[in-house]
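If you count by this note's numbering, then the sequence shown holds residues 112 to 297, one letter each, in order.
Derived by calculation from the structure, the hints in this document are not laboratory data. Remember, it's a predicted structure, so these values are computed and weren't measured experimentally. Be careful, since some hints might not be right.
[As the list claims (entries may be wrong)] Taking CB as the label site, the calculated pair distances span:
1) 281 to 185: 28 to 34 Å
2) 196 to 137: 18 to 24 Å
3) 145 to 262: 19 to 25 Å
4) 121 to 192: 35 to 41 Å
Where is the CB? At the ideal position from N, CA and C, for every residue including glycine.
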Amino acid sequence: MRVISGSARNTKLMAPEGLHTRPVTDMIKQAVFNIWQFKIEGCTFLDLFSGSGSMGIEALSRQAKKVVMIDNDNQAIKVIKANLKKCHLDDERAIVIQQDVLAYLMQESQQFDIIYADPPFTVKEIFKPVMENLSVSKVVKDDTVIAIRCEKDMAMESSYGTLEKYNEKKYGISIIHFYRRKRENV
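Could you put the whole structure together from the sequences, leaning on the hints where they help?
Encoded structure:
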């Protein structure tokens, strides 16, 4: 696992030990960032269930203005901070928070341009609450892009509250669903 592009290009990243996290593959990361290539520079980026911090670090490396990485696991937080330091991205643009994702979404009011969520595949019951909380959270603006990764066989609804799915991409055993505010709400 490495940084694909930008200021930290080709830097190898560490992953937390154990089975609690499944780092996103380089192929998936490159494909998703190719979709977002014109949105990343200068954006605010929220990385939920951050794990190794790979997605947030990629956004920082590609000149995101601010990246917030949320994970509840102590080991993941240590790895994220170590990866940021290794990539020389441990500056004021990177904010690492150890907190429950659902609680964060209901408490936070800072808005983001791009939100990437990668809940644990082993906790299938978390996906719906994450999307429902995102649909009412103040972190989502009218033009926020939301991507959530799950197993390719897992069904995700076409809408959650104010959010509607507008795209999905399959990558091996994973699928990424893309959501935004419903157009009548914009």
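Let me make sure I understand: some of the numbered hints might not hold for this structure. Which ones are they, in numerical order? Hint 4 contradicted; others consistent.
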